[in-house]
Every structure is written in C-alpha cells, then in structure tokens.
Amino acid sequence: MDDVLLSVRDLVVQFPTRGGILTALDGISFDIKRGEVLGVVGESGAGKSMTGAAIIGLIEPPGRIGGGQIHLGGERIDNLSMDDMRAIRGKRIAMVFQDPLTSLNPLFTIAEQLVETIQTHLNVSAREARDRAIALLDDVGIPAASRRIDDYPHQFSGGMRQRVVIALALAAEPDLVIADEPTTALDVSVQAQIIDVLKRLCSERGASVMLITHDMGVIAETADRVAVLYAGRLAEIGPVRDVIKDALHPYTHGLMGSIPTLAQEDDRLVQIPGAMPRLTDIPDGCAFNPRCDRVFDRCRVERPDPMPHGTRQVACWLYDEQQIKAAE
Amino acid sequence: MSDVLLEVKNLTRTFDVSLPWLNRVIERQDRQFLRAVDNVSFQIRRGETFALVGESGSGKSTIAKMVVGLLPASDGQILFDGQAMDVNSSAAMTQLRSRFQMIFQSPFASLNPRWRVRDVIAEPMKAFGTVDGKAAIDSRVDELLDLVGLGASDAGKFPHEFSGGQRQRIAIARALSSNPEFIVCDEPTSALDVSVQAQILNLMRDLQDELGLTYLFISHDLSVVRHMANRIGVLYLGALVETADGKELFKAPRHPYTRMLLEAVPDLEMTGKEHSVVKGEIPNPIDPPPGCTFHPRCEFVAERCRNDIPVPVPTPTGEAKCFAVEEGRI
Amino acid sequence: MEAIARALDSDLAYRFRRSPVAMVAALVVVLLIGSSVFAPFITSQNPFDPGSLNLMNGFSKPMEPNQFTGETFVLGTDDQGRDVFATILYGMRISLFVGFSAVIFAMVLGVTLGLISGYVGGRTDTLIMRIADIQLTFPAILVALLIFGVAKGITPPDRRDEVAIWVLIIAIGLSEWVQFARVVRGATLVEKGKEYVQAARLIGRSPVAIMVRHILPNTLSPVLVIATISLALAIIAEATLSFLGVGAPPTQPSLGTLIRIGQEFLFSGEWWILFFPAMTLLALALSVNLLGDWLRDALNPKLR
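Residue numbers (numbering that gives the first Met the number 0), protein chains in the order written: chain X, 0 to 327; chain C, 0 to 329; chain Z, 0 to 303.
Keep in mind that a hint or two might mislead.
[Claimed, not checked] So these bits of chain Z aren't anywhere near chain C, every CB distance computed over 10 Å:
1. L201
2. I202
3. P216
[What the hints assert, rightly or not] Beta-carbon label-pair distances, calculated as ranges:
4. X:G19 x Z:T136: 30 to 38 Å
5. X:D9 x C:N22: 56 to 64 Å
6. Z:R17 x X:A86: 15 to 23 Å
7. C:P112 x Z:L141: 53 to 61 Å
8. C:N22 x X:G19: 54 to 62 Å
9. C:V24 x X:G18: 39 to 47 Å
10. Z:R16 x X:P289: 30 to 38 Å
11. X:E301 x Z:P206: 57 to 65 Å
12. Z:V23 x C:N283: 35 to 43 Å
It should be emphasised that the hints constitute simulated quantities derived from the structure, not laboratory data.
Beta carbons are placed, not taken as given, at the ideal position from N, Cα and C, and that holds for glycine.
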C-alpha cells in the first residue's frame with residue numbers, strides 16, 4: 000500500500016440551499032498511486048471539478064465536505080485548518096486550471112512569480128531560484144527562456160501561458176498535480192503540445208497527476224487509469240484501455256459511443272436518451288436508471304456501490320455476483 | 000435550377016484594429032489592419048453539408064457572419080441561388096433572408112431569456128409573415144417542437160428551464176420556423192457535453208434528410224466535421240488552404256497544415272501510434288509571415304514558400320494551396 | 000393566482016424573507032406611503048383647508064391638551080393650529096408625488112437615451128454620453144435651481160404656484176437621468192453582442208424592434224435598482240429645494256416646506272414643528288434607500 004499517494008474514501012460534498020441540502024459528490028472513493036496519471040471524466044455537473052476542489056480544500060462556501068476522508072501520503076488532509084492546508088497547496092499539491100490567465104498575476108513578470116513560488120517552498124537563494132525558474136521554463140518548452148522570463152503574462156500566447164502555468168505548478172516539486180481542464184481553452188494543435196509537456200514532465204519528476212477533463216480523447220492519450228463520474232457518483236474506474244475498449248457501465252458504454260471519431264464509419268452516433276439529472280432530482284436507486292437500456296427492477300430501488308470486476312470497479316447491478324449467477 | 004445553392008467568390012474581410020487616433024500619434028504607430036478572411040472561394044451544392052474547419056483566428060466565424068449578412072464583406076461576392084447578396088439593398092435581402100437561417104454556438108446566449116419558447120420560435124414566422132393567425136402560429140410551433148424532440152407543453156416555458164441540449168433544440172426549431180433551405184451552423188455543439196452533442200448531431204442529420212436542408216457547418220472539431228460533412232474546407236489564418244471530399248480529406252490529407260491538424264487529434268482508438276510533435280503556434284494575424292503563411296511551421300518548406308503566395312492546385316477531390324503539392328513533393 | 004404563487008416562491012421573495020433589514024424597510028415604506036395616500040381617512044383635519052383650522056389651537060405641545068380648547072394633538076400643532084401629524088401626511092403626498100414623477104421622467108429619458116446610445120453606437124453614442132458627462136459636472140441642486148429660475152422668468156406670477164410642482168419634477172428628473180442612461184447603455188452593449196440579438200438581426204427585425212422587444216426587457220433589473228435608489232435621492236432633492244424656498248409653494252407644502260417653516264420656530268422652543276417632519280423625511284428616505292441597496296444585492300451582486 001506504500002505506493003498509494005492520494006486516497007479518497009466515501010467523499011461527500013454538500014451544499015445547503017433553500018430547497019434542502021444538495022449533494023454534489025456522493026460517496027466517491029479512489030486512489031492515485033505515486034507517478035500515476037488518473038483521468039477523471041464526466042459531463043458538466045457530474046462533479047469532476049468539485050472532486051479536485053475538495054482535495055485541495057477549495058470548495059466555495061456554503062459548500063462543505065459532508066463526509067469521508069482524504070489522505071495524502073498517509074496523512075489525513077480533509078480536516079486540516081486553513082493554514083495547514085495552505086502549506087500543502089502549492090507545495091505538495093499543485094493546480095493547473097483551464098484558464099491560464101486566472102493562475103497568473105498580470106502585474107508581475109513570469110520571473111517574479113516563479114521565483115516567489117520557488118522560494119516560498121524551497122530553501123534556495125534568489126540566484127538559485129532564478130536559475131531553477133529558467134530551467135523549468137526551458138523544460139516546458141518556452142523558446143529563449145532566459146530572455147522571456149522577464150516578460151509579463153500578457154506577452155505570451157494562450158498555449159505559452161499554459162506552459163508557464165505548468166512550470167509554476169511544478170516549481171515546488173509537488174507530489175500531486177491536479178489539472179482541471181488544462182487544454183479546454185486551447186486549439187487542438189496547441190492542446191497536443193500541452194498534453195505532451197504535462198505527461199513528460201510529471202513522469203520525469205515522478206509526480207502523480209489527476210487530470211480532470213470532459214474530453215475522452217485527452218484521457219486516452221494521457222492517463223493510466225480513468226474514473227467516470229455521473230451525477231456526483233463514481234460510475235466506473237479502471238485502466239484506460241479497458242474502459243475505452245470495453246466499457247462495463249452502461250453509461251460509460253453510451254458515452255464512448257457518442258463520441259465521433261476520425262476512424263469510425265459514416266453511421267449514426269450512439270445516443271443516450273435524456274440528460275443527466277439535476278442534483279435536485281436524482282432518481283432513487285441507480286442515478287442512471289431512467290436513461291439506461293439495461294435497467295431492471297433492482298436498479299430502481301437499490302443504489303449500487305462500486306463493486307470489483309476484474310481490473311476495474313463498476314457501480315452497476317449487472318456486475319453483482321448474484322446477478323451474474325442468475326444470468327448464468 | 001442550378002445545382003449550386005451558395006457560391007462564395009474571393010470573399011475578403013479586413014478589420015481596422017488601429018489604436019485610437021491620439022494613441023497612434025503619441026506612440027508613432029501606423030494604422031493596422033487585420034485580414035480575418037483572405038480571398039476565400041467555395042461552392043455549396045444543394046442538400047450537402049459543407050464544413051469549414053480551423054483553429055481560433057482562422058476566420059471561420061467571420062465567414063459565417065458574412066454569408067448570412069450579419070457582417071458586410073470588404074471585398075468579394077456571395078451568391079445565394081444565383082442572386083447576389085447585398086446587405087444594403089433591403090428589398091432584395093428581405094426576399095433572400097427567409098431562405099436561410101443560422102444556428103449559433105451558445106445555447107445560453109442565443110435565446111432571449113425574457114421570452115417564452117413559443118415567442119422565440121414564432122419570431123421568424125411573424126417577421127416573414129409565412130404563417131398567419133395566432134392559432135396557426137401556435138400549431139406550427141407545436142409541430143416544430145415535436146420535430147426537434149420537445150413537447151408542445153414546453154412552448155409556455157422560459158429558456159432557463161431547459162438544459163443546454165434542449166435549448167439548442169429550441170434554437171434549431173427557431174431556425175426551421177421560416178422554412179429555410181440553407182442553414183449556417185456556427186459551432187452548434189461546441190458548448191455541449193459529448194453525449195448531448197451526439198443527440199444534436201443526429202437530430203441535425205435527420206432534419207437534413209427529412210427537409211432536404213443544405214448546411215454550412217463551422218467547427219474546430221475535426222471528428223465532428225468528419226461525422227457531418229460531405230465536403231470540407233480547411234482554413235488557416237483566414238485563407239482556405241485545402242478543400243476536399245469528407246472521406247478523402249481524412250484518408251489522404253494533402254496540405255501540410257491539414258496533416259498537422261489530423262496528427263494533433265487525440266487518438267481514442269489507443270493504437271499507441273507515436274505522434275509527431277506539433278511545431279510552433281499560429282502567428283499573429285496582424286503581422287502574418289510573407290509567402291505561404293504556414294511556412295514557418297511547415298516540414299515541407301522550400302525557398303519558394305518563403306516568398307511567393309501559393310495558388311490553389313487541383314487534387315483528386317478538391318484543391319490545395321501549397322507549392323509542395325504543386326511540385327509533387329507531397 | 001398562479002403568477003402570485005410563483006412570485007412568492009421566487010428567489011427574490013426568498014431573499015426578502017431572509018433579510019430583516021429589507022423587511023423592516025419595506026414595512027416602513029408601505030406604512031408611510033399608505034398613510035399618506037389614505038390621509039383623509041386617518042386624520043379628520045385637512046390642514047390646507049382654512050375652514051377646518053382653529054387659530055386657538057396654535058402651538059399645542061405634543062400629547063398635551065391645548066390650554067384654550069383642551070384638544071390634544073399627538074404631534075402638536077403649528078402657529079396656525081394645524082395638526083402636525085396631518086401636515087406630515089399631506090406633505091408626504093406632495094413629496095412622494097414629486098419623487099415618483101421625477102424618477103419616472105428620469106427613467107423614461109435615461110433608458111431611451113441609454114438604449115439608443117448603446118445600440119446605435121458611433122457618433123450618436125459619443126454625443127449622448129458627452130451630454131451626460133457635462134450634466135454630471137453640475138450638481139443636481141444647481142441644475143434644479145437653474146431650471147427653476149428660467150421657469151420663474153417665463154411664467155406669469157399668478158400661475159407660478161401651479162407650475163411649481165411640475166418645474167420641480169422636471170428639474171429633479173433632469174438631474175437624475177444620467178445614471179439610468181449609463182447603466183442601460185452598458186447593459187445594451189453587453190446584450191447587443193449576444194447571439195439572440197444576432198438571430199433577430201438575421202431575420203431583418205428593425206433596430207427599434209430589437210431595442211424595445213429584445214434588449215430593453217433584459218436591462219430592466221438594474222433599472223429597477225437605480226429607480227429605487229433614485230427615488231430616495233429625488234425625495235431628498237425635493238426637500239432640499241423646498242427648504243431653500245424654490246420648491247413646493249406654501250399652499251401645497253411638502254415635507255421640505257414643512258421643515259423650512261418649522262425651523263423658524265426652533266429657537267422659540269416649538270421644536271416639534273420641525274422635528275417630526277424631519278424625522279419622517281429621514282425614515283422615508285432611509286427606508287427607500289435600504290430597500291434599493293437590498294434589491295441591488297438580491298438582483299445582481301455584481302452591481303455592487
């Protein structure tokens with residue numbers, strides 16, 4: 000168990016509203032091993048970004064963690080004080096957001112921001128910090144890094160800015176990088192470059208990555224394992240290749256079929272009827288049951304928890320042992 | 000009746016992006032112009048889907064706006080069913096306007112939040128007077144809602160009561176309400192989740208078959224374009240670098256930029272093939288490179304490419320603007 | 000009924016129930032407006048009908064029986080025996096009438112110019128916004144005094160009292176339209192770029208139709224907020240002008256006129272003639288303002 004870096008158990012995030020308590024995340028459990036890239040996919044509102052925010056303790060009030068535990072390297076971090084959490088953020092867990100402009104301060108040069116981050120977390124001189132910063136920028140593929148380091152964020156293009164953000168995230172040599180839709184705002188050609196940089200640097204440094212995205216293609220290119228979220232719950236988690244080639248959960252199956260690909264022949268896309276329920280009216284039993292083409296009675300009353308199935312875990316009664324026996 | 004429904008000839012659009020006069024004087028700068036669309040020509044045949052694909056800044060949305068008359072062209076011509084579109088001639092435009100429509104990118108901004116769905120869908124009918132009388136309009140609205148997969152009971156609701164996908168269905172119903180022949184779709188699914196995108200794309204294809212529609216489909220997403228289009232035009236920095244039949248473009252891309260784009264699409268099949276790393280970034284459109292605008296990123300670059308501007312050369316199913324293709328190097 | 004039920008269930012109603020300040024302010028406003036509207040049913044005396052006055056009642060202290068007539072007035076009387084309570088109720092009618100009318104005038108003017116400015120753009124926009132800038136460099140009171148002076152010059156003396164109220168309304172309205180114009184222009188610029196406006200342009204709707212039917216309804220929530228806050232400002236502006244003697248005439252005294260009359264008696268010890276109208280003005284303006292603040296936060300926190 001030593002190689003597990005992050006362990007999330009039965010995580011619940013709730014938002015009290017006038018209509019009652021909304022459960023945005025409902026019993027999410029997963030592990031990330033050291034050096035592993037875990038992809039987290041789901042549609043908007045499924046809770047992917049919320050999971051990232053919960054881990055780094057940045058849930059917007061009035062939202063709160065309503066249950067479960069988060070451990071980082073064996074140490075519990077979901078109940079830490081604001082100050083203790085701040086020490087972990089940036090140092091041991093770093094974030095890369097969708098919009099690089101929100102992560103960079105427009106009033107300071109790249110050098111100032113990088114050097115400050117490095118010196119906050121590592122005990123080095125200003126000279127050393129600057130050299131490290133230049134090396135980092137070089138690593139993320141910024142041409143003429145030693146010259147461009149004194150530029151301001153607005154002097155970089157969108158793709159270059161995202162590279163700077165990645166440099167900033169890696170500056171303190173974190174154990175875990177949480178990347179929340181890091182390429183969504185970028186063009187495909189730039190996206191490919193950024194994925195490449197992120198993947199390469201994290202594996203060189205042995206950092207684990209939690210890659211949050213709605214884009215299955217990005218996950219396929221990058222991740223080792225993937226967790227599929229639906230309506231705040233974990234539908235399926237397992238090695239990327241297995242999930243993509245042979246989805247177990249009917250939702251994952253539909254999701255994969257609905258993605259148009261370059262290779263596929265000219266037929267209709269698979270279509271999941273309806274839409275993901277709002278958090279205010281999640282159906283009883285399995286959250287997916289009204290849209291599922293393989294639904295049976297049990298799904299409508301009893302909620303499935305993720306159950307092991309080969310290399311994977313899947314929250315679907317089709318894979319319950321009794322069900323499998325009965326089918327045989 | 001000609002086979003070609005829409006013809007675009009040498010369409011060009013420049014924007015004045017100069018600083019205000021006082022700043023120009025103080026900072027000693029000249030006026031600056033951005034050539035968002037540069038000499039673009041294409042034809043769309045009746046009943047087909049022509050797609051324009053390109054990255055941000057390629058000018059695809061600008062072309063869409065000019066085609067439907069929301070933006071005047073700086074130069075060039077747009078012929079709809081043989082008739083020249085002239086934004087300044089209101090009589091001729093009113094005639095033409097009822098024959099084309101547009102579906103927009105954001106289902107959140109494209110419906111007036113203060114209007115009920117019934118009024119949103121009925122607006123084009125009322126504007127063109129295609130349907131008369133409240134009862135007739137209401138029943139047509141119900142019909143349209145049914146056509147796009149919503150219910151008649153939805154007509155009395157406001158847009159915020161619907162999800163993104165449902166709103167895009169409403170926007171489609173509005174576009175269909177004046178019985179157009181031609182619909183410009185400007186990134187119609189890029190704001191939607193993929194499972195919803197699949198629903199909308201399927202719906203659009205069904206409607207095309209059912210109503211004999213012609214689409215101009217604008218997108219940055221190659222896989223979506225692959226799924227929707229009969230013919231495809233690839234834009235780079237405002238210029239059409241390659242046109243080809245849909246299948247052909249993906250099977251045998253000619254232009255180096257098309258190749259690069261295809262290379263960059265994440266591989267969902269997990270074939271494990273190595274990507275060649277994409278080179279460079281899109282240059283600043285205010286100050287584009289001389290010669291072929293793609294030459295600084297091109298792996299087939301030759302001396303000619305740095306100085307001369309390539310002209311389109313025929314390829315098996317279309318044409319490509321590239322010296323390497325012309326010289327048979329690709 | 001359905002509409003009412005929906006309104007009660009709305010976010011706004013919910014936020015209202017959660018805000019004690021807004022509830023108290025609304026209660027005060029409703030009480031004050033209600034009592035001035037229904038003034039004839041609340042007090043037996045119409046203080047501006049000379050026939051109903053008894054000079055012997057002059058200078059009665061609050062809550063004390065008059066030394067000559069033995070009548071008791073809750074808030075006392077002034078020098079001519081007018082019940083201060085009644086003068087306040089009737090005075091508030093004038094204040095509120097002027098306030099509401101001025102705000103409506105400013106709103107119609109400002110919203111129209113703001114819409115045109117934002118939608119048409121270009122030189123029209125520059126022209127309207129420069130006029131607004133110029134307007135802002137003059138204090139409201141100065142503008143009002145100016146208009147008042149001009150109006151006084153062109154109306155015959157025997158009709159001055161008649162037109163005084165309307166001059167007040169125009170003067171105050173003119174000094175407050177800029178706020179509306181600016182906010183509506185800003186909102187129009189945002190809405191104009193949205194795709195639903197492009198969809199309307201695409202089918203050839205006229206600019207006027209687009210402005211009125213599409214854009215206007217989407218700019219109304221900030222307008223409502225400004226209207227409420229402007230109402231408080233207008234009531235105070237009216238009181239100021241009347242206090243300076245250039246507002247409501249003594250035959251139709253507003254709260255401001257009452258305060259001006261009252262201050263003459265302050266140093267001779269009849270404090271109540273000044274105190275109660277002043278307190279009413281304070282309560283009215285403060286409550287309307289608090290209501291406006293709450294509305295701004297409730298409708299759009301970003302406006303702050």
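Hints, one by one, checked against the model:
no. : hint                        : verdict
1   : L201                        : violated, 6 Å
2   : I202                        : violated, 5 Å
3   : P216                        : violated, 4 Å
4   : X:G19 x Z:T136: 30 to 38 Å  : violated, 53 Å
5   : X:D9 x C:N22: 56 to 64 Å    : holds, 59 Å
6   : Z:R17 x X:A86: 15 to 23 Å   : violated, 36 Å
7   : C:P112 x Z:L141: 53 to 61 Å : violated, 41 Å
8   : C:N22 x X:G19: 54 to 62 Å   : holds, 55 Å
9   : C:V24 x X:G18: 39 to 47 Å   : violated, 59 Å
10  : Z:R16 x X:P289: 30 to 38 Å  : holds, 34 Å
11  : X:E301 x Z:P206: 57 to 65 Å : holds, 60 Å
12  : Z:V23 x C:N283: 35 to 43 Å  : violated, 59 Å
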